[in-house]
Amino acid sequence: MDVSQYLEIFIDETKEHLQNLNTQILDLEQSPDDMDTVNEIFRAAHSLKGMAGTMGYKRMQTLTHDMENVFSKVRDGALKVNSSIIDTIFQCLDALEEYLDNIQSSADEGTNDNENIIKALNGFLNGESAEPKAEEKKTEPQAPNTENAETPVMSADGNPDDKWKSINFSEEQLHVMGTAKGKGLNVVGVTVFVQESCILKAARAFLVFKTLEELGEVIISVPSAQDIEDERFELDFSMIIITEKTVDDVIKACKGVSEIAKVSGGAVDVPAIAEEEKESETELQVSENKAPQADNGGNTKAPAEKKKPVVNRTVRVDIEKLDVLMNLVSELIIAKNSLVSAATSTGSATNEINEHIEYLENVTTNLHESVMKVRMVPIESVVNKFPRMIRDLQKKLGKKMELYMSGEETELDRTVVDEIGDPIMHLLRNSADHGIESDVNLRIQRGKPEAGSIYLDAYQDGNNVVIEVKDDGNGIDVNAVRNKAIERGTITSEQADSMTDQEIINLLFLPSFSTAKVVSDISGRGVGLDVVKSKIESLSGEVEVKSTLGVGSTWTIRLPLTLAIIQTLMVIVGGEKYAIPLSNIQTIESIRPDEVSTVQTKEVITLRGNIIPLIRLNEVLGCESTKDPNEELVVVIVKKGDKMAGLVIDTLTGQQEIVIKSLGKYINKSKLISGATILGNGEVALIIDPNALI
Amino acid sequence: MDEVKVYSEAIQFIKIAIGEEMYGIDISIVDNIVRPQAVTRVPNVAAYIKGVINIRGEIVPIMSLRLKMGFEEIEETKNTRFIIVKLEKYGKIGLIVDAVKEVVTLTPEQIEKMKYDANDDIPHFVAGVGKTENGLVSLLDIDVVTYDKSMKED
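Quick mapping for you: the protein sequence lines, in order, are chains R and A. According to the numbering used here, the first sequence is numbered sequentially starting from 1. According to the numbering used here, the second sequence is numbered sequentially starting from 1.
A couple of the hints might just be wrong.
[Claimed, not checked] Reference listing, derived: stretches of chain A covered by chain R, where coverage requires no fewer than 3 residues with Cβ under 8 Å from a Cβ of chain R:
(1) 31-41
(2) 57-65
(3) 85-95
[To be verified] Label-pair restraints from in silico Cβ distances:
(4) R/Gln586 with A/Gln37: 45 to 53 Å
(5) A/Gln37 with R/Thr653: 35 to 43 Å
(6) R/Glu595 with A/Ala38: 35 to 43 Å
(7) R/Lys395 with A/Lys89: 15 to 23 Å
(8) R/Ala203 with A/Gln37: 30 to 38 Å
(9) A/Gln37 with R/Gln226: 52 to 60 Å
(10) A/Glu21 with R/Glu595: 40 to 48 Å
Simulated from the structure, these hints should not be mistaken for lab results. Every value quoted in this text rests on a predicted model; they were computed, and no experiment measured them. Backbone N, C-alpha and C define an ideal beta-carbon position, used for all residues, glycine too.
Model the full structure from these sequences, guided by the hints.
In structure tokens form, the structure reads like this:
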């Protein structure tokens with residue numbers, strides 16, 4: 001069987017299941033008696049096993065099978081969760097992840113049998129099976145669903161295939177069926193069995209559904225139509241339909257769909273309403289959190305479905321398709337800009353044209369926003385793995401610490417989310433390894449709780465997303481960093497004297513510091529921070545750190561919400577048009593030439609008490625200013641973190657929303673130019689990155 | 001970079017002029033030929049890179065073939081064209097040429113490969129010479145023409 005076409009789906013879903021397992025098992029470690037969690041784990045393990053089996057990954061299947069067995073025992077109460085089980089399960093998940101990595105890179109699971117893990121798992125199964133019966137009793141009522149789901153209760157007279165007979169009806173449904181019968185219609189129940197080899201069960205079920213809908217009205221389906229669509233059923237599903245046709249016609253129609261093993265059906269005796277009353281309670285519970293068409297799914301599976309956490313309804317969209325859409329929007333914006341420039345250049349700009357432009361502007365802005373939203377994904381997928389990492393670090397480092405996360409739902413552009421994981425992980429490790437004091441007594445002495453706290457907070461702030469990694473550890477020893485920097489020749493001792501503490505701390509981001517392991521021994525910081533910085537800067541973001549010795553440190557990552565389209569200020573320097581991102585701009589000032597003074601041969605201006613260095617853009621860009629030097633200077637004040645600079649330009653032309661285009665690989669990446677954009681008249685304008693100037 | 005290009009079957013070349021000399025560019029890598037348009041200067045790049053232009057929404061760098069190959073730069077004329085070539089390594093690049101003449105088809109017999117001394121240091125822009133009824137055409141090795149040693153390989 002060729003399954004290669006399902007490989008991508010398999011990898012995606014396996015990743016999801018593994019992440020889910022990781023989270024659930026962490027939960028389980030906190031509350032080992034929570035049967036909901038155990039059930040959830042069991043289900044995920046079971047799906048994993050099934051998927052691996054279908055795809056022919058035998059080793060993966062064996063491993064998950066044993067893992068599932070362990071949880072099966074746990075669920076039955078025959079085995080109690082302890083830390084050695086948790087540890088082994090985590091090893092097991094790591095092994096599965098390894099398989100998945102292999103599959104992703106080579107479509108083959110690799111040759112590692114992970115015998116020791118399997119042995120350990122089997123050890124739990126054999127060694128500790130004799131658990132007190134009381135435990136079993138206690139847990140039994142909480143988890144009856146899965147057993148029941150696999151062997152549904154049959155009505156006494158039933159052929160085991162006639163599962164539809166075990167469907168319970170609500171009053172309303174009975175009423176509908178009764179009315180239908182009164183009109184001379186047939187009420188037919190069918191149970192359809194899909195072939196075991198069938199891969200696209202949901203698709204087959206859907207076809208059956210379609211067929212039956214042509215014959216009459218499907219009033220009940222078990223599992224619900226939604227569940228069937230999501231493939232949340234084993235091999236069979238049952239339906240009640242109201243139709244003009246006979247039972248045989250219905251069965252024949254169902255058998256007409258390929259890959260259907262067998263179909264059993266019969267006419268439904270509309271049961272008396274009184275008999276069903278005892279069931280209504282379950283149904284009420286069910287209907288609360290199910291879709292309308294699922295209201296009628298009041299069979300024995302119901303409790304299981306009720307406990308299921310609400311799964312995010314997502315659509316997987318190929319990123320390339322989104323890029324195409326994005327490009328179209330870009331074109332639209334360019335078209336709009338052309339219209340604007342045409343209207344203003346002819347001078348005959350009537351109100352009518354302007355109205356049209358305003359309308360077009362509304363449309364493009366909205367379209368842009370919604371496309372960007374499609375590209376946004378919650379950072380959850382990235383940060384979810386961190387609790388596990390901190391747990392492992394805790395064991396490895398022998399320190400007590402807790403990770404508190406907030407804002408996992410904060411959304412970022414897909415491309416950014418994919419890249420941001422490593423830098424955050426780095427900062428978290430840094431906090432865990434170097435931030436939190438190794439000496440518990442020192443913590444107590446400083447009046448802090450024994451267990452260290454690490455916070456990972458994400459939130460949106462204007463047009464930026466902020467991610468903070470905070471710890472209540474030792475903080476950065478500024479003097480140690482200063483001494484080390486002097487020793488390494490990064491700065492001279494004179495320079496060091498004139499530098500503020502914050503400036504010293506920022507030295508940690510320099511590449512020369514990252515290679516020096518020694519620094520981490522003294523100050524507890526500085527391994528690979530330059531990598532973090534450059535990664536974040538490549539995403540057009542920035543990172544800064546604030547720290548108080550003895551109290552803790554806060555690392556702040558600031559990322560732009562979107563990368564592709566930005567608001568800019570268009571300026572003219574030496575007759576050439578340039579765009580400056582609005583997000584960098586603080587204010588725009590008019591400065592008289594005599595207000596410019598020089599400090600150490602550098603031009604500066606004083607603005608509201610701040611001394612701001614002037615940068616003459618025409619000099620940096622290598623062109624002639626077309627402005628009379630005696631005129632007032634137009635200065636764009638840009639800001640990067642706490643630092644400011646004034647960019648001297650010739651003229652302002654206004655604010656414009658532009659689409660960022662890459663300059664391509666051929667032109668040497670000049671740091672000063674972050675990209676280019678196409679103006680309304682088809683000309684190209686370069687985008688200045690003020691961060692490179694400050 | 002120094003390996004000699006082998007032409008095994010008939011190939012079409014776009015014949016271009018730089019001054020009085022005729023050069024050929026393999027038609028398979030030519031994406032587009034456009035009339036000169038406003039070039040946006042890019043600061044801090046090599047002198048022969050004149051800047052970037054917009055080709056249907058894409059930013060394409062433009063280089064002067066004259067400057068790169070050591071000729072004098074001349075004023076744009078009504079014959080000046082930008083030949084946009086598409087390279088695997090760098091994507092699209094525009095070459096400024098004095099004029100585009102015609103398309104010539106050359107069989108391997110008509111092509112004389114250039115032999116270079118492997119030790120000399122000057123770039124070998126010409127991979128071979130094609131003999132046509134209307135004279136000789138120097139066939140450009142675009143990889144060498146666009147190569148810039150200051151550029152980092154990635």
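For each hint, the structure was consulted:
no.	hint	in the structure
1	31-41	holds (count 4)
2	57-65	holds (count 5)
3	85-95	holds (count 5)
4	R/Gln586 with A/Gln37: 45 to 53 Å	36 Å, violated
5	A/Gln37 with R/Thr653: 35 to 43 Å	21 Å, violated
6	R/Glu595 with A/Ala38: 35 to 43 Å	36 Å, holds
7	R/Lys395 with A/Lys89: 15 to 23 Å	48 Å, violated
8	R/Ala203 with A/Gln37: 30 to 38 Å	53 Å, violated
9	A/Gln37 with R/Gln226: 52 to 60 Å	56 Å, holds
10	A/Glu21 with R/Glu595: 40 to 48 Å	57 Å, violated
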